[in-house]
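Residue numbers (my numbering), protein chains in the order written: chain A, 1 to 279; chain B, 280 to 618; chain C, 619 to 928.
Simulated from the structure, these hints should not be mistaken for lab results. This list has only true hints and no planted wrong ones.
Below, computed lysine to any residue pairings styled on SDA-like, alpha-carbon distance capped at 20 Å: (1) Lys482(B) to Ala500(B); (2) Lys10(A) to Trp748(C); (3) Lys10(A) to Met755(C); (4) Lys10(A) to Ile749(C); (5) Lys10(A) to Leu753(C); (6) Lys582(B) to Ser561(B).
Far from chain B by the CB rule (all over 10 Å, computed), these chain C residues: (7) Asn662; (8) Ser688; (9) Thr706; (10) Glu711; (11) Val746; (12) Ile749; (13) Ser787; (14) Leu881; (15) Ser886; (16) Ala902; (17) Leu906; (18) Ile908.
Per label pair, the in silico range of CB-to-CB distance: (19) Lys169(A) to Lys710(C): 56 to 66 Å; (20) Arg741(C) to Pro608(B): 51 to 61 Å; (21) Glu415(B) to Leu173(A): 49 to 59 Å; (22) Phe625(C) to Glu415(B): 39 to 49 Å; (23) Thr300(B) to Ile745(C): 24 to 34 Å; (24) Asp495(B) to Ile745(C): 45 to 55 Å; (25) Phe269(A) to Arg741(C): 19 to 29 Å; (26) Gln161(A) to Glu408(B): 42 to 52 Å.
Quick caveat, the model's predicted, so the values are computed rather than measured. We put the CB at the ideal spot given by N, CA and C, even for glycine.
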Amino acid sequence: MRRFRNRISKSLIIGSGLLAIPVLTAIFAPVISPHSPTYLDLTQILEAPGAPGHILGTDSIGRDLLSRIIFGSQISLLVAGLGMLGALVIGVAVGSLAAFTGRFGDLVVMRFVDVQLAFPYILLAIAITSAVRPTVGLVIGLLVLAGWAGFARVVRSAALQEISRDYVKAATLLGASRTRIAWKYVFPNLLPPIMVLAAMLMAAMVLIEATLAFLGMGVPPPAPSWGTIILDARNYLGSAWWLTVLPGLGILLTAVALNLIADGLQTLFGTRIERDAVG
Amino acid sequence: MADQSLLTVSGLTVDFAFAHTRLRAVDSLSYTLAAGECLGIVGESGSGKSVSTLALLNLLPSPGRITSGKITFDGQDLLSLTGDDLRQVRGAKIAMVFQDPNASLNPLFTIGRQLTDVIRAHWRCTRKEARDRALEVLSEVGFSDPTRRFGAYPFELSVGLRQRVSIAMALSCRPQLVIADEPTTNLDVSIQAQIIDLLWELKEKFGFAIIFISHDLGVVASIAERVMIMYGGQQLELGPVADVLNEPLNPYTKALLASAPTLDARRSSRLPSIAGAPPHLSQLPPGCPFSPRCLVAVDICHKVRPEWLEVVPGRWSACHVVAAEHGRPIPALGGRLSR
Amino acid sequence: MFRYVAFRVAQGLFLVVAITFAVFFILRISEGDPARIAAPMAANPDVINTYKREFGTDRPILSQLTTFLSGIPHGDFGTSFRYLQPVTSLIKERFPATLELALLALLLSVSLSVSLGVLSARRPGSIVDWISGTLAMFGQSAPSFWVGLLLVAFIAVRLGILPAGGNESPLSLVLPTLTVAVGLLPTELRVLRASMREVLGQDYIRAARAFGLPEWRINFVYALRNAVLPMMTLVGLDMGYLLGGVIVAEGVFNYNGIGQLALLALNSRDYPLIQGITVLTSSAFIGLNIITDLLYSVVDPRVRIAQAAA
Chain A
1 MRRFRNRISK
11 SLIIGSGLLA
21 IPVLTAIFAP
31 VISPHSPTYL
41 DLTQILEAPG
51 APGHILGTDS
61 IGRDLLSRII
71 FGSQISLLVA
81 GLGMLGALVI
91 GVAVGSLAAF
101 TGRFGDLVVM
111 RFVDVQLAFP
121 YILLAIAITS
131 AVRPTVGLVI
141 GLLVLAGWAG
151 FARVVRSAAL
161 QEISRDYVKA
171 ATLLGASRTR
181 IAWKYVFPNL
191 LPPIMVLAAM
201 LMAAMVLIEA
211 TLAFLGMGVP
221 PPAPSWGTII
231 LDARNYLGSA
241 WWLTVLPGLG
251 ILLTAVALNL
261 IADGLQTLFG
271 TRIERDAVG
Chain B
280 MADQSLLTVS
290 GLTVDFAFAH
300 TRLRAVDSLS
310 YTLAAGECLG
320 IVGESGSGKS
330 VSTLALLNLL
340 PSPGRITSGK
350 ITFDGQDLLS
360 LTGDDLRQVR
370 GAKIAMVFQD
380 PNASLNPLFT
390 IGRQLTDVIR
400 AHWRCTRKEA
410 RDRALEVLSE
420 VGFSDPTRRF
430 GAYPFELSVG
440 LRQRVSIAMA
450 LSCRPQLVIA
460 DEPTTNLDVS
470 IQAQIIDLLW
480 ELKEKFGFAI
490 IFISHDLGVV
500 ASIAERVMIM
510 YGGQQLELGP
520 VADVLNEPLN
530 PYTKALLASA
540 PTLDARRSSR
550 LPSIAGAPPH
560 LSQLPPGCPF
570 SPRCLVAVDI
580 CHKVRPEWLE
590 VVPGRWSACH
600 VVAAEHGRPI
610 PALGGRLSR
Chain C
619 MFRYVAFRVA
629 QGLFLVVAIT
639 FAVFFILRIS
649 EGDPARIAAP
659 MAANPDVINT
669 YKREFGTDRP
679 ILSQLTTFLS
689 GIPHGDFGTS
699 FRYLQPVTSL
709 IKERFPATLE
719 LALLALLLSV
729 SLSVSLGVLS
739 ARRPGSIVDW
749 ISGTLAMFGQ
759 SAPSFWVGLL
769 LVAFIAVRLG
779 ILPAGGNESP
789 LSLVLPTLTV
799 AVGLLPTELR
809 VLRASMREVL
819 GQDYIRAARA
829 FGLPEWRINF
839 VYALRNAVLP
849 MMTLVGLDMG
859 YLLGGVIVAE
869 GVFNYNGIGQ
879 LALLALNSRD
889 YPLIQGITVL
899 TSSAFIGLNI
909 ITDLLYSVVD
919 PRVRIAQAAA
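Next comes chain A alone, as it looks inside the complex (with noise of 0.2 Å):
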């Protein structure tokens, strides 16, 4: 671990602590939010920020927008976030049974990743949903779909070179299980690129969660996804540019936060991910 340390950039700082903000605030939303998100005024709507008990504003129907914002933190972070875990609990094993099956097994298996990264995801995504009613299983689901082939492919290849390696081959050699060598010696190099995927996915699921929100295929009402927040103001564009712009800040920051803490891990492990693999 020691030799770690000097390898802790600007950037895994930066990032963490940015982090900290949407992290915390998902935490505490109950506690630090000025109203219930889903309380309405019809006597304050579409107040400016700054209006007296609404300091970001509220929406078309009295919402206060920072309350909505800061329950919207919950969800962009729980989707996302679950959505990342099923996307690598289901990439990690595919990528890995490539890489231990045989030529073959790689072969077709590699052949179904290929396609699905190819393809382009929002066409699934409205493919899917409009058979299906949107909940936000659904929702968690199409984000696993997004992103389990990315896993797929960067634990296949790093999965390979380790297996190529001699000191591999020297245990192979020695008697030991292809079990064995598979967890002893190969996975624990895999987390480095697995750590730093699961950081640029999750900031891709960030974007993604609240895009399909915007599209209207997202969490169900009155569920303040700021991707809802950003789609119920879609009218009020010009005029309450607050309900717009604000939100959108919520998902920037959490995603550069993410970003930035993935460049920090790849300096930190030397490792090199191509961001290609990424709906």
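Knowing the structure of chain A, use the given hints to seat chains B and C on it.
Quick look at chains B and C alone, frame taken from chain A:
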């Protein structure tokens, strides 16, 4: 005879400025080169031999910088050249042949294209004229059917052929000086001989000077007229090749020669090697760089840097012991060498 | 070489068929009934059944499938539930607009990333480098629909310079193109910067300089060709992302292209339309993928040998 020289290097010093240290890769290098002459530069890795020639063309990789010195080529001060003037010297007046032909030819372009690009970079001519000239040069370096090979990619040629292409690119604009930086190190022995013969023939035919860099004394002996020995960024000996090899002056040169295997050595005798290891440039002693490993070093060798002296006409050396042996006074001690 | 092309085409066809079937069945196992959506609210069962007969959703699935499949060779993808027009003509109408937007955005992002990439690789740590880095981070972290909305809010509405949407004038392409390009820029830039930096450190670039080749030629002809290779792979992979970005942009700007069509179809459970769009786009896209693959061998001669051997 400085006015007759094609190239005069005096006091060239090259430093590499890193984050926490500064390494002196070349320290006060001085020599001359006459037109059509072949000078060999011999030294181990890190001796500064390659860096000193890169400095001639201002091709030092960053963070390398020329800290001091003067380089005069054909009457021009090379270090003051910039931009287009510098570009005109590179390739057209002074050309370089690099060690690894794999790395010096761009894999994505045909050799014909790369050749013509070099030609057209220096001469205003039509594409056809450039192509003709390229074909001409290819046959000069030994391609029997240049037209067939013209559209070939580097990976389609053998290593020896690729090196010939590099030489062709170097010669295409009829330079006055060709710097060959370990051109044969990556080649098989048999091809080595071919390339060296080729270089010699071309030199005789076109009259350019050669600076031939190598760590291999034997290779240098077969082509160079004079040879300079470098160590730790400093020059230690310079003289006609036969003299230096048969009667070396400098202790380092002697040790180098002694460690080369010879045909007539007794089979059972061990090959003498020089004790110790080449110095890291950050750990050079204040005196002679070879002093830590030198068998005849005396006290002053470790402390005071030896002067570069012409101890015998035509033969230069930087060594206190050698200087004393040839009756030169040692300034620091006021004239006498004490053990 | 020909064998390789044939193999790729066959692979592509297989994929398209698989996708067609997948989409068909996914839609049919749905919850929402398009008849119910199209019919006026609280309509009685007879009206709904009429719709069903119109749409063909009252027939068993297999029979629906055969109808669908038999239409394809004729280019008939059925009739849209919502627009009551043949799907194919609807798509054909809007396709050029989407293509225009996609190509423009690709062009813009590639030229920007190439110039910024080359300049910042030449001078690491300079202002240009910093600008590219910040631009890349921003593009990576800001949702493209939000960027589009901001552009509409501040440039179109406040300043009134450019139209906020629609397809009327050529100017209405500007903001959507910008939005899509911003989404593509980060990855392209990153890849190009990294590979350019790597290439510039190579010996053959130093050799080129030693031979007196002019800097601009070294950078933009030699080094660029070497650096472009990973970029081409990226563009090939980026196609999917490009389409996604275009769909989102069309939604934001009310741009009348296929993306907009797809989004509207989504809301009305317009099966034929969704099917048609999915199948046609995925074919176009797989085709493009194959083309990019083949283009790769034009740029890199070493790949030609590998492909011929495959």
